[in-house]
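S.K.: Protein chains in written order, with the numbering used here: chain P, 427 to 793; chain H, 427 to 793; chain Y, 427 to 793; chain U, 427 to 793.
Just so you know, these hints were derived from the structure itself, not from any lab.
It is possible that part of the hints are untrue.
Identical copies go unnamed one by one, so any copy, or any two together, can satisfy a pair.
[Claimed, not checked] Derived pair list, reagent style PhoX-like, types lysine-lysine, alpha-carbon separation capped at 25 Å:
{"no.": "1", "residue 1": "Lys500", "residue 2": "Lys793"}
{"no.": "2", "residue 1": "Lys645", "residue 2": "Lys697"}
{"no.": "3", "residue 1": "Lys600", "residue 2": "Lys642"}
{"no.": "4", "residue 1": "Lys748", "residue 2": "Lys697"}
{"no.": "5", "residue 1": "Lys446", "residue 2": "Lys500"}
{"no.": "6", "residue 1": "Lys645", "residue 2": "Lys746"}
{"no.": "7", "residue 1": "Lys489", "residue 2": "Lys446"}
{"no.": "8", "residue 1": "Lys793", "residue 2": "Lys645"}
{"no.": "9", "residue 1": "Lys596", "residue 2": "Lys617"}
{"no.": "10", "residue 1": "Lys697", "residue 2": "Lys746"}
{"no.": "11", "residue 1": "Lys642", "residue 2": "Lys695"}
{"no.": "12", "residue 1": "Lys600", "residue 2": "Lys489"}
{"no.": "13", "residue 1": "Lys748", "residue 2": "Lys695"}
{"no.": "14", "residue 1": "Lys500", "residue 2": "Lys571"}
{"no.": "15", "residue 1": "Lys745", "residue 2": "Lys642"}
{"no.": "16", "residue 1": "Lys695", "residue 2": "Lys746"}
{"no.": "17", "residue 1": "Lys745", "residue 2": "Lys695"}
{"no.": "18", "residue 1": "Lys642", "residue 2": "Lys698"}
{"no.": "19", "residue 1": "Lys745", "residue 2": "Lys641"}
Protein chains: 4
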Amino acid sequence: MSSIYGNLFRISTFGESHGKGVGVVVDGCPAGLAITEAEIQAELDRRRPGQSRLTTPRKEADKVEILSGLFEGKTTGTPIGMLVPNTDQRSHDYGDMVDLYRPSHADFTYDLKYGFRDYRGGGRASARETIGRVAAGAIARKILKEACGTEILAYVSQVGTIDADIDPLKASFKTIESNLVRCADPVAAEKMAKAIDDARKAQDSLGGVIQLVVKKAPKGVGEPVFNRAEAELARAFLSLPATKGFEVGSGFAGTRLRGSQHNDAFVSKGKKAGFDAIGTETNRSGGIQGGITNGEPILCRIAFKPTATISMPQKTVDKKGKERILAAKGRHDPCVLPRAVVIVEAMAALTLVDLFLEQRARFGLFK
Amino acid sequence: MSSIYGNLFRISTFGESHGKGVGVVVDGCPAGLAITEAEIQAELDRRRPGQSRLTTPRKEADKVEILSGLFEGKTTGTPIGMLVPNTDQRSHDYGDMVDLYRPSHADFTYDLKYGFRDYRGGGRASARETIGRVAAGAIARKILKEACGTEILAYVSQVGTIDADIDPLKASFKTIESNLVRCADPVAAEKMAKAIDDARKAQDSLGGVIQLVVKKAPKGVGEPVFNRAEAELARAFLSLPATKGFEVGSGFAGTRLRGSQHNDAFVSKGKKAGFDAIGTETNRSGGIQGGITNGEPILCRIAFKPTATISMPQKTVDKKGKERILAAKGRHDPCVLPRAVVIVEAMAALTLVDLFLEQRARFGLFK
Amino acid sequence: MSSIYGNLFRISTFGESHGKGVGVVVDGCPAGLAITEAEIQAELDRRRPGQSRLTTPRKEADKVEILSGLFEGKTTGTPIGMLVPNTDQRSHDYGDMVDLYRPSHADFTYDLKYGFRDYRGGGRASARETIGRVAAGAIARKILKEACGTEILAYVSQVGTIDADIDPLKASFKTIESNLVRCADPVAAEKMAKAIDDARKAQDSLGGVIQLVVKKAPKGVGEPVFNRAEAELARAFLSLPATKGFEVGSGFAGTRLRGSQHNDAFVSKGKKAGFDAIGTETNRSGGIQGGITNGEPILCRIAFKPTATISMPQKTVDKKGKERILAAKGRHDPCVLPRAVVIVEAMAALTLVDLFLEQRARFGLFK
Amino acid sequence: MSSIYGNLFRISTFGESHGKGVGVVVDGCPAGLAITEAEIQAELDRRRPGQSRLTTPRKEADKVEILSGLFEGKTTGTPIGMLVPNTDQRSHDYGDMVDLYRPSHADFTYDLKYGFRDYRGGGRASARETIGRVAAGAIARKILKEACGTEILAYVSQVGTIDADIDPLKASFKTIESNLVRCADPVAAEKMAKAIDDARKAQDSLGGVIQLVVKKAPKGVGEPVFNRAEAELARAFLSLPATKGFEVGSGFAGTRLRGSQHNDAFVSKGKKAGFDAIGTETNRSGGIQGGITNGEPILCRIAFKPTATISMPQKTVDKKGKERILAAKGRHDPCVLPRAVVIVEAMAALTLVDLFLEQRARFGLFK
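The following block holds chain P by itself, in its conformation from the complex (with noise of 0.2 Å):
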């Protein structure tokens, strides 16, 4: 088990599903930072179960308590505890969980890996996981708008075979906000919040993708060869549960382009100077080049595979390997995505944060 994350801003998370609760320590951030528990409240209500008809019924304030690392409003470059305490964890009998195993779940590599598993409501596996993410990620993305002015968006651009139609350039905030599935194109998230309902009632699932949209983002960050922005971006979608896949840019479209449809013309930037004069004129580079923030927006998707925990029956084995019906009760997301676009944002933040206090160590030490 691996739950720290990070090499200057480093955050250890914790927590079960059906345990006392979950949180995070965060080690490494700068101080001086004006932060307070209602900024880090705000971005937890986003993610929070039970906030639509859209998501899990299960209802939890995930009210958050800022434990340490605190003075007078400030960060003082101590670790910052924080705790969300669990108050919906049902206590039932959890019947089939205990040995069956559930489909394209973790439950059976839990058992393989860990000789045991906590089997109450997929214990570190759930989803549940994700808040101290979204926690730390509210203070990394504070520093970065603070420090550079960034600004972090997502939003839902497909669910199911229902695509969004949108600029991601042009994606708002408000518009995001605006509707239950967190899609920027309005018109699309009426179908896709349909789509969902009709899966929920199927006792089915859908899943979809997320476009990441990051403006102003530090310049000059990711450390080749093996740090690559990309790369750590990569890794830190690809670390959230449910995910399959992810581009940055062109993505998987461009590799069908030749190099001259495919290379991102360098341009000047009218009356800036230095390299903020300079620019490219279209972004198939994704705001990445080399390894390396160039200035342009970053722009990523992530593929998130439809909910494995559906109620219909299914087929599946038990810890003996019998063959076994298993009909899912529990409490779950139909679609994850809705949730999801906060925990990207937050794994975004946190891997810029990063890689920007790695920069700024060694930048412009000899001119």
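With the hints as your guide, set chains H, Y and U onto chain P.
M.R.: Chains H, Y and U in isolation, oriented as in the chain P frame:
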């Protein structure tokens, strides 16, 4: 610059395109592995430039020398230093390369990040950097083979608009190595070779996709939540030059399915015992569930953009932001995929051996 | 601020003297270890303030709550969150502490490093920070005990000018815990207790030395060249507040001997087989040779300076550099050593369990 | 085996006593530092064997070659590979060394840990391993000098029973380098040289102590709680062969003082402004308080045991545990301290530059 990779099996690579040489130090290799320079050389020969008309004409023997860490033909557990001298770093006038930024290359971002750059042949952003990965990967591959019987195989499954038509599980090393493209489908391979030839003649370049198949991978490896197996693989592949995307199992296509269509039913697998008796009917998970390998083949796809360096004239700017026309001379691959196959295999080996050792550290300590 | 320790068995501590609480997240603990809150509490009780007249009068129950990572009494391999609420953080006027720098304390350097500080009770520089280490150390200790039979024992061997007179190998836990000073020599213990009483009455403080003895430590652990066992132990102990020195085996005294006097002759050890049949006649190496444990008892000594906080008036400066007189109020230990014994044991356990797991990752893979 | 050191300024060393060569890769060096092979060679020449009658007669030019990472005389921010070929690895019959364990050497523990060992000249446990540290340390030292004006100086302050009598702050590089022992006190230096000569003639060896003084070290560096500056320094020095102890500031002697005697009073330092106006009257803290450098000189002492390899016959056992007599042939230093001075300086530089970069990453981000 971060050129160290791995937690327990660590590699540290060095060297530029036009310096004295490139190499790697492998730290943390278990003691007692029998390995020879010839075994490492065999992998380097597959990566070598000039191996066919489809690759860069740069001529390099890429002869590896093991400097340390072996005794009487076996690893001693101490660092294994390996060096490959550069021999064909043409001495010439770099002319425009000194202050022109090649589109979609790392020239601009290296200047932005480091303040200046070694402009000779791409410096550290050159694909020559991957030699150290391949040399170290040969050792990682042998460890996995000896310890788990692991078979790591990659091939080109798409070049430009041409797709291979073959079940990844049926791909054979012999077929792959018998054509210049390293495609597992011999019919597609011929079309791909022609397409690459055409692109080169047109002073242009092509991209494509590499398919990875890992059979008999160690089971139970991957460290949730942040170091899930797919997350580490994604980072590994996205750390390669020219990569734009990653998929595991069903990938982006799987996001369009419903849960009931997508889930991999668990089934009993014949006469085996314990966990070995349990497998999945389908493998949309791509051999990884909950971030942990489950014993099914690992299936990944990696997107490579068309080579950024092309011979036809392109629009760009110089250091001062002045718009200019670039006509690249140099030597380059019109399509990097045939040579990238071995690099993908190396990164898979390096990633899996590291996770394997980490699992071995804790597994079975308390029954 | 770097509050994460370990590579495979990782702990992340948080919390200040006067915040809501202190705690730790343990990441990478092997699954299947049976452990209870009571076992962890037992160690915390040995560290607890107010346990005797020789320690600070601050009253804290230091009651630990395990938040995650256990299921049915066993570790699951997932992060173990532990929290100890602060209960006796007196609310009062900090007066001079806000802008006066206590001599030989961390006030000045925290301001220098972080720009400002939490001045209440020392903030993160308080010994209260060590609670997380002790809680995590209790788990590490049990792993070593279960897996290797390891016995970790520390005691106060010097207070001020009073030295214990006892062979470390003959020290007994029972004797150590039966006196207030935690000295293995009961005669010296009485003199030490009196000396501490006298120092407190004189508004002054004392330092001293703690002796560590580890029997049945895992063999073959320590990772040359940079992570030699003695190097990791030295870092572990020097990371504790108030430490000024470290010795292993013969230490500084051994530097005055000749090689022929200092070398530990290898001898055959009776009826055992293989490496277990080989030991050393003397143990000036302190159980570690070439950075690797050799099976003999590990012997270390750690120097603690006299407590920096004393009640008698002292010369100092304020933030503006103006010279002032400080008369510390607060509550503090006149001598930290009796309580530091358990912290030294915890750091030894944390360090050895991490090296043990690393050795287990690679050992015996290729015979 | 763990031969990687540092978090932001990372070095990876390799090579054995009797292999093809030894070397290092420096990863994470800031770009733009002007440095030459000659500057690195100068440090290696101070470490070189055969430099005087007091050292091993092994003859090695120890000529360094920079393989990568520099362009037009400056570091590019990419890995700096450096190689030093072995030239005088005598080919001979190792005879008894194959299965005899040299007392207090690493032979037995390497066999225990790795299963077998390179018995030629100590393999990786040879002091030859430190060449990579010295080469990398030369770069670290120059960074600190250029960025902060830091002066790192070490000298032999004790050999056997002979102690130097000099205030560390008055030690001069010129005096140190003008005698064979590298002692800052010329009178003691002569006695020490004679003592070493006598020990060699007696087929015996001597140990001693090295004093380190760092002036103008970067302020505010050190990362509490686990990576306190003194903790990192302790690990750095204890990772050197033959070390048995470490002290910072008042060290073990300081434990006998009372707090009122030991505390360093803060005082106003003349005309400077801000934090530069504040210093301490005494320096028992050794330049580090609360784990963070305070601007006063850093003072450390490192204990080295007498060389384990001696020519006189010694009792030992062979691999099978059979008791035997060893008469070491080989070539060795009768006292390692004169050559260890430069290695101590290198480790101090490597440690401080890493902490300096980490502090730079976060410092002053939010005023």
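S.K.: None of the hints should be skipped; say for each whether it holds.
M.R.: Hint check:
no., hint, result
1, Lys500 - Lys793, "between (33 Å within a copy, 11 Å between copies)"
2, Lys645 - Lys697, "within (18 Å within a copy, 40 Å between copies)"
3, Lys600 - Lys642, "within (19 Å within a copy, 49 Å between copies)"
4, Lys748 - Lys697, "between (71 Å within a copy, 12 Å between copies)"
5, Lys446 - Lys500, "between (28 Å within a copy, 16 Å between copies)"
6, Lys645 - Lys746, "between (54 Å within a copy, 18 Å between copies)"
7, Lys489 - Lys446, "both (13 Å within a copy, 16 Å between copies)"
8, Lys793 - Lys645, "both (17 Å within a copy, 21 Å between copies)"
9, Lys596 - Lys617, "within (20 Å within a copy, 40 Å between copies)"
10, Lys697 - Lys746, "between (70 Å within a copy, 12 Å between copies)"
11, Lys642 - Lys695, "within (15 Å within a copy, 44 Å between copies)"
12, Lys600 - Lys489, "within (24 Å within a copy, 46 Å between copies)"
13, Lys748 - Lys695, "between (66 Å within a copy, 10 Å between copies)"
14, Lys500 - Lys571, "within (16 Å within a copy, 34 Å between copies)"
15, Lys745 - Lys642, "between (51 Å within a copy, 21 Å between copies)"
16, Lys695 - Lys746, "between (65 Å within a copy, 11 Å between copies)"
17, Lys745 - Lys695, "between (62 Å within a copy, 13 Å between copies)"
18, Lys642 - Lys698, "within (15 Å within a copy, 39 Å between copies)"
19, Lys745 - Lys641, "between (49 Å within a copy, 23 Å between copies)"
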